[in-house]
Structure formats: structure tokens, C-alpha cells
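Top line first, the protein sequences correspond to chains S and A. The numbers in my numbering rise by one with no breaks, and the one at position 71 of the first sequence is 913. The numbers in my numbering rise by one with no breaks, and the one at position 14 of the second sequence is 19.
Take the hints with a grain of salt, since some may be wrong.
Listed below are several chain A residues computed to face chain S (Cβ distance under 7 Å; list not exhaustive) [said to hold, decoys possible]: (1) L20; (2) G37; (3) A39.
Some, not all, of what chain A presents toward chain S, calculated at C-beta under 7 Å [as the list claims (entries may be wrong)]: (4) R9; (5) R27; (6) M72.
These are computed hints drawn from the structure, not numbers from a lab. Small disclaimer: the values here were computed from a predicted structure and weren't measured. No residue lacks a Cβ here, since even glycine has one placed at the ideal position from N, Cα and C.
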Amino acid sequence: MTTGKLTELYNFGKSAGGMGRNLITTFRQLNTSTLLFGSFPAGLHLVDLRHPSAVVKSADLPKAPSALQATPLCVREAINAPNFVVSGRFPSILLYDLRRGLNTCSPIYSGADSLSSMTVVSNDRVIAGGSYRGIIFL
Amino acid sequence: MAGRGTLECFNTRTLRLEVKNRWTASSATILGIAVRNCGLFAAGGSGYLRLLDGMDHGIRDVELDCMVTKIEIDSNDSGCRNAAERVFLGCGANGISCVEFGNSGDATEVEQQPTYPESLLRGQYSDMHFLGRFFR
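Okay, chain A solo, but in the shape it has when bound (with noise of 0.2 Å):
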């Protein structure tokens, strides 16, 4: 017998439990959940924070490597309802981090080079470096 990660959920008008879900992968104890970006996060002793698509699919992890035992969402200054960016973590004697998040099209806004308008004589030696290739 061993203790295991459980997720559940109340309803507190008929006083019953609707759904339980022992989240199998994670051996260990839940510590933390917000709700939050249409889902829910939830973090504890296995080290990552998980969020996951309702009460049963983990749909994004992020390992860290230590034991989370708070979960706070910031304050949403973006105006999205629903939506989290940051969610600080408390990480028992070893602090507090902050986990950062986006959607795929700012993770490529982010890695895109920035774009300085160039000299017409930079764009000539360009061309005549790429077409020199050809017509040696």
C-alpha cells in the first residue's frame, strides 16, 4: 500500500464527489491546484507542475525539479479573463519560482530576429553573393 497523487472533484449543492481521478502517473502527493487558462494547474511532490485539460489529460509539464507546496496565479494585468501568465510557486524551504507562460505564437514572435530596413547597397551585395554561386 502506498500513497499516490488524487484529483477531485465536489459538488458542494448535492454533497457528492463526481469525479476522482488518482492520476496514476505521479506517485506523489498533490500539493498545490489553481484553476486557470481553461484548465487547472496542479504541482506536488513530483516535481512538476502539470496543467492539465480538465480533471484527467495532462496536456503541458514543466519540471522543477523540486517540491511545490503552494500555487498562486498572478493577478492578470492582460485583461484575458480565464488566462494565466505567471504562476508563482512555493517550493517549501527552497523558495518561491515563477513559472512563465505563452501560446506558440509569442514563443515565435520571441525568436524571430528583429528586422532593421537595409541600405539598397547591402541588399546589392547580397544578390551578387547569392548569384555568384551560380554563374562561376
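Pulled out of the complex, with its shape left as it was, chain S reads as follows (with noise of 0.2 Å):
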């Protein structure tokens, strides 16, 4: 096993023209070959491990059109199955098929002002927790 050895994967800063518009805010690696990372404002990205010099697809997240921003936060992919929910600063989660890209998504909705974290729990259940926007009686 090689340690220290530094790969750089993708960069936002050749893609972009070097202005930094763009923070990675989460990433996961859902099999062997295969890296998808989350951007702010709203991107998300699939990097082919297996030639990491390039991003092969890349898709926003769907938003509503008041809304500023949809920052993906939390990605997490299904047991046996090529499926992945994502979640972030957004009201859903939102399920993606691996097979159909980036850019068909079935959407979840849960009301949460922002949903940070998911754990998957079985084969079709996922609990995410985040923040509710709600009123509190003091």
C-alpha cells in the first residue's frame, strides 16, 4: 500500500476560470469506481475513479425559483442497489438512480428547513435529521 500520495481528483478552480464560486460540501464514494461529490451554490458531481481527471456528468439540483440556493449536503447510497438520496438545504430528499444520471430525480418531500445527515437504514428506508422550521411556545 502507497501512503501519502496525493491524487488530485477534480478541481473547481481550472473548471471555473479560478474564481472559487464553487465549495464542495459533501462527497461520497459509491462503489469501487465511482466518486460523487455535492457542491455550493446547487451542483453535484460524478467523478469515474478510474480516470479522475475529469467529472462525467455534472447536474443542478432541481429548486424552486425563490429559493437561493438547493446546497447538497449529505450523500448516502442504498444497499444493494444502484439508487442515492441526497440531501441539503432544501425541503426533500431527493432519490436518484444511478443508471438514469444526474439529472432525473424522485423527490421526497419533508417540510425540514434543512436536512444535513441521513443514515440508510434497510433497503428502502433512509432517516435524515436536520432542522425543522417551526414555532416554539415558550
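With the hints as a guide, bring both chains together as one complex.
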């Protein structure tokens, strides 16, 4: 095993002209060859680790017209399925099928203000945690 | 209007929100969750790591006094399925912490004093000392 070797997988600075407008907010290795990462303000990007010099696919997360951002904060892969779920600063969980790319997703509405963390419990259940914008009675 | 912590369970097959727990005990955002120990670990800006039995009932709280942003479970070397002995926590700019869990049986074993084989002389002395209180 080689340790201490740094391999640059992707650099926003090169593609965006070094403007620094993107910020990586989460990443997850989905399988041995696929790395998925999310970026501010609303980006989702797939990297093939066998050819790590370029992003294979890139897409914006769907967001309401009035929303300023839909930043992804957490990505989790499903158990024994080519699916993954994305949550973040938007009120839904987005379910993607890796075979259909990043442009098609199934949203599950929650109403939360932001869902920043998830864990996959079983084949078809995901638990998410975050914050709910509600009324607090004091 | 103010934000407060929420835990939600989604069914990815039916695309429905099944359970929602607004976790009213905490007004802080939940920033990290992990499933293990037949329950759910949840932590966040409240400064607590909470082990929940299911979705609603907190059964164990660990005060951390820092904001936890990530939770990672140990690799489970003990071989026990669905059991966590160590929970690693990313605490924002404060660094990484580790919380070790164990059952009550382990705790009593640790608290017990180690026993050594005693000499007969020591035993006799103890008996004499003990009985001497009654036969003065």
C-alpha cells in the first residue's frame, strides 16, 4: 500500500477559471469506481475514479424559483441498489437512480428547513436529521 | 419562528415520509446521525450525542460541550453485528472526539478491584482484626 500519495481528482479552480465560486460541501464514494460530490450553491458531480481527471457528469439540483440555493449536504448510497439519496438545504430528499444519470430524480417532500445528515437503515428506508423551521412555544 | 432539530424516516420505495420526530427536546440542528446498537445515534449543535431507541425515545445522552458535525462508527472488530463500541465525532473546528460505549456488565467488571491470592497469614490477621471488635 502506498501512503502519502496525493492524487487530485477534480479542481474547481481550473474549470471555473479560478473564480472560487464553488465549494465542495459533501462527497461519497458510491462504489469502487464512482465518486459523487456535491457543491455550493447547487451542484452534483460524478467522478469516475478510473479516469479521475474529469467529471463524468454534472448537474444542478432542482430548486424552487424563489430559493437562493439548494446546496447538497449529505449523500448516501442505497443498500444493494444503484440508487443514492441526496439531502441538503432544501425541504426534500432526492432519490437518484445512477443508471439514469443526475438529471432525473424522485423527490420525497419533508418540509424541513434543512436536512444535513442521513443514514440508510434498510433497503427502502432512510433516516434523515436536520432542522425544522417551526414555532417554539415558550 | 425558529428552527429546531428534526429526525425523519423516508421510504424510498413508496417515496413517502413515514415518521417525523421534531425532537422537541433540542432546539439545535441535528448535524450527524448513524444507525447502530439497535437504535440511532444523533448529534448536533445541542452539544449532546444522543442514542435513541427507534425514532422518538432518547435512552442515553452524552454531553460533549461542542458542536458535532459528523459521526462515524468504528469498524466493529468485536464481530457483534449492529453493535458499536466507539463513535467518532467530528467536532467542527475543535477536532475529532471519540465516545466509547459499553454495557453495564462491562462497567462493573472495570470497577471491580483485581483479586490476588492471599496468604493464610493475611487471612488470619483479617479474621482476628474483624472478630476482635466483638470480643473486646
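*Using Cβ atoms only, decide whether G37 of chain A comes closer than 7 Å to chain S, and label the hint accordingly.*
Hint on G37 of chain A: holds, closest Cβ of chain S at ~5 Å, below 7 Å.
*Given hint R27 of chain A near chain S, where the shortest CB pair must fall under 7 Å*: holds (5 Å)
*Once the shortest beta carbon distance from L20 of chain A to chain S is found, is it less than 7 Å?*
holds (5 Å)
*asked:* Tell me if the interface restraint on A39 of chain A is satisfied: Cβ within less than 7 Å of some Cβ in chain S.
replied: holds (5 Å)
*Holds or violated: is there a CB of chain S closer than 7 Å to the CB of R9 of chain A?*
Result: holds, 6 Å to nearest chain S Cβ.
*Would you check whether M72 of chain A satisfies its interface hint, that is, whether its CB is within less than 7 Å of any CB in chain S?*
violated (12 Å)
Checked against the numbered hints listed earlier, the structure breaks hint 6 alone; every other hint is satisfied.
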